[in-house]
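Undergrad: Could you build the full structure based on these sequences and the hints that come with them?
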Amino acid sequence: MKKLLTLTAALTALTSSASAATTLQYWLWDANQQPAYQQCANNFTRKNPDITVKITQKGWNDYWTAITTGFVSGTAPDVFTNHLAYFPEFARNNQLVDLGPLIKRDKVATNIYYPGLAQLWTKDGKRYGLPKDFDTVAIFYNADLLAKAGLKPADLANLTWNPRDGGTWQRTIARLTFDKQGNNGLSPKFNKRQVAQYGYMTPYGAGFNGQTEWAFYTATTGWKHNNGLFGTKYNYDDPRFAQTIQWLADLNLKQGLIPSFQEVQASGGDSLFRAGKAAMVTNGSWMISDYTTKLPFKVGIAPLPKGPDGTRKSMFNGLADSIWVGSKNQDAAWKWVKYLASAECQNTVGRTGVVLPAIPSATNLAVAAHKARGVDSSVFVNQAKAKNGTFLFPITDAAAQVNDIMTSTMQRVFLGQAKAADVLGDANAKVNALFK
Amino acid sequence: MTTVPHTDTAQPPRPRRPFPLGRLFAYLGLALIILISLFPIWIVLKTALTPTRALFTEAASLWPSEPTLINFRRVLGLVTLEEAQAAGGSGSAVNFLNAMRNSLIFTGLIVVGQTFFSAMAAYAFARLRFPGRDVIFTLFLIAMMIPGIVLFIPNFITIRNLGWLNTIPGMVAPFVLMTPFAVFFLRQFFLSLPRETEEAAVIDGAGPFTIFWRITLPMSQGPLATLAILTAIGMWNEFFWPFLIAKDEASYTLPVALQVFRTQTPQGVPDWTGLMAGTFVAAVPVFLLLVFLGRRVVESLAFSGTK
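Those protein sequence lines, which keep their order, are chains V and W. Counting from 3, one number per residue, gives the positions in the first sequence under our numbering. Counting from -18, one number per residue, gives the positions in the second sequence under our numbering.
There's no promise every hint is true.
[Claimed, not checked] Here are the computed distance ranges between Cβ atoms for each label pair:
no., chain 1, residue 1, chain 2, residue 2, range
1, V, R195, W, F221, 36 to 46 Å
2, W, I127, V, N95, 23 to 33 Å
3, V, A431, W, I15, 48 to 58 Å
4, W, R54, V, N95, 21 to 31 Å
5, V, K56, W, A264, 43 to 53 Å
6, V, V74, W, A41, 42 to 52 Å
7, W, F162, V, Q413, 31 to 41 Å
8, V, D126, W, F97, 50 to 60 Å
9, W, L274, V, L436, 49 to 59 Å
Derived from the structure by calculation, the hints contain no laboratory data. Positions of the beta carbon are idealized from the N, C-alpha and C atoms, including for glycine.
TA: Given below as C-alpha cells:
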C-alpha cells in the first residue's frame, strides 16, 4: 500500500513539473566523451525547449566521492553515468530510481542493445539504468616495435595461451622483449635484469574483477568469478585461477618479460607502452581514440589470445545512465535518460567514435569513424558478437570490500612475496564470509 | 696572508686578494642545493611545455624537443574545444579566471580571519586570567591531535544543514575562525613579549583590547606574517574541503577546477601536460607572495630564534 502511495505521489510529481523550464544536472567522468554528450544535450534541448542539460565532468577518482556526498547532502546530479561496480551499492541504499514502471508506461524497447547489456542493470526485478555503451578488451600494439622485431600484424591474429608455458602468446611476448645488448626474450643470452624493451605490459590492477588485466585469461580456463550476477559464492580459491595469476606474476618474477609490479605502480597504468618501451598492452575499447590519436607512433589492435578452451573471451561491460531518487526534476530526468539510450543520441555519440554505443547500428558508425582515420576497431565488436565470446562483469554487492581483500592478496603474489596457491584460499574464505 | 697597510688616504691600488677557496666551495654547494630544489619546478614547467603526444617518449629528456604553449592556452581557455582535443587535451574546459577569483576570496578570507581570531585567542590564553583557562588550553592542544579527516563528515553535515553548500561561507567555515596550531604558535610568542610594556600601558589607562590592538599586534608583525603566509600557502592548495562543498562549477577553487585534468577513465592516464600547465600557473601567486613577503618570514624566524 505504502509503495503504491509513493508511486502515485511520484507520478503526480512527474506530471506536474513538466511545464516549467528546468535545468537538469548531468554528470560523467570521461572528459573525452563530454563533447559528444554535449551535442546530444543540444539536440535534446532543441526538441524539449523547456529543458536544458548542464553537463559536469569529474575525474574518475573524485567522481564517486562527489556522487556519494551528493546523495547525503542533496546535491547529487539528477542524472549521472553509472558503473557496474558501483550501482549495486547505490541501489541497496535506495538512491536510484527504478526505471521499470516508466519503461512500461512509455513502452520503451529494451531489446535494441547488444544482447546481455540491458540485463546487467537489473536487480530483483527492478531496473536502474538504460545502456549507453559497451566495452570489450583487446590487445593494443605498437606497430613500429612490431615491425622492428620482424613481426606482422597478422602474426598476432591467432595466438594461443595456456597457464603452463604461456603458448604462442608468451613466445610472441618474448620475441618483442629485448635486453640492453639486443638479445630478445627467446635467446639463451637474454638478460632479464637489463631489459630495454618489454614485449607486453599489464597494468596488474590487483582488483577483484581483472577486466583488462587477467579476467580474459582466467575465463578461458573455464573459471568464473562467482555463481552468477549478484553471486554470493566466489571462486578465487580455484586452482585454475591460482595457476593463471601465478603465470602472470612469473612473466615478470621469473622470465623478466613484463615490467614489475613496482615499476607499473610507480610510472602509472600504461605509461611504458605510451613511452614506446612496451610493445603490447591489453586494454578496453574506451581507449581506442586515446591510443590511436595521442601517441607519436602507430597503434594497432589485435584480438586476445585463445585460451585452453579454444576460444577468446572478453569481459563484457557497459555503462548506463541512472536517475537519482532525490532529483526534483524526475520527469525531465526520465526524458533525458530515454534520449541518451535512444538510437538518435547513440548515433550522435557513435559518429564521434569516442566509445562504442550500446545499439549495434550506432556502433557501426563508431567503427566507420575509426576506419576513416585508418584505425580498425572491428576487433572489439567481433569479440562482442562472437558466440561465447564474452562473459558479464561480475556485479556484486560489497564490491568495495571484495576489492580490498583481493587487492592486498594479489599484490603480495605480484610482488613475489607469496605464491598464489598459498594465499588465494584464505582470501576467498574472507570474501565469501562477506555474504553470510 | 700579507697585511695591507691601512691608511685613510691611501691611494695606491690594493693588492688583489685571492678569492678564498672556502667561499668558492660554499657558493658551489649553495648553487647545487638551489639546482636540486628548483629541479622539480623545472620538470613541472618542462612537462607543461611538452606537446601531449611527446610526453611519454620524451620523459627522460630535460628539454622538450618541440616546446609549445598550447597547454597554457588550453588551461586559460584560449583555444576552442576542438583545438584542445586535437592537442591531446581534455574535453572539459576550465573557467580559469572564475576559479582564480574564488581561490583568492577563499584564501584571503581565511588568512585574515584565521590570523586575527587566532591572535585574539592566543592573547587571551597568554595574558588574560579567567577560570578554567589552562584546562581549556589543554583541550585545545588535544584538539591538535585529532586527524582532520575524521572531522570532514560532521563538518560536511553541519554545512549542509546550514544550507551553505556551493557558497563561500560554507567553504571557509571550518578554517576561518582559528586553528589550534595558530593559537598555540602565537600564544608562545605572546608569552615571550616583555610584560613591562603592557604594565606601562595599563598605568596609562589602556584596557585589554587597546593593549592587544595597539601594543601586542604591532610588536608581533613577524610571527603574524609567518602565520599568514603559511596559512595562505596551505589554503591556496587546499583541495578536499572545497571539493566537497563546491559542487557547482561557479564555486570551484583552482585546485578543484584543475581536477578536470586528473584521471578520466579508470585505466587511463591523467592529462599530465594540461595538469602541469595549470599547476604552474596556479603556483604563481604563491610564488609572488613568497618573493614579496618571504623576508618577513625569515626575519621573524631569526627574531624568535635569537630571543
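Undergrad: For this structure, which hints from the list above don't hold up?
TA: Hint check: 4, 5 fail, others pass.
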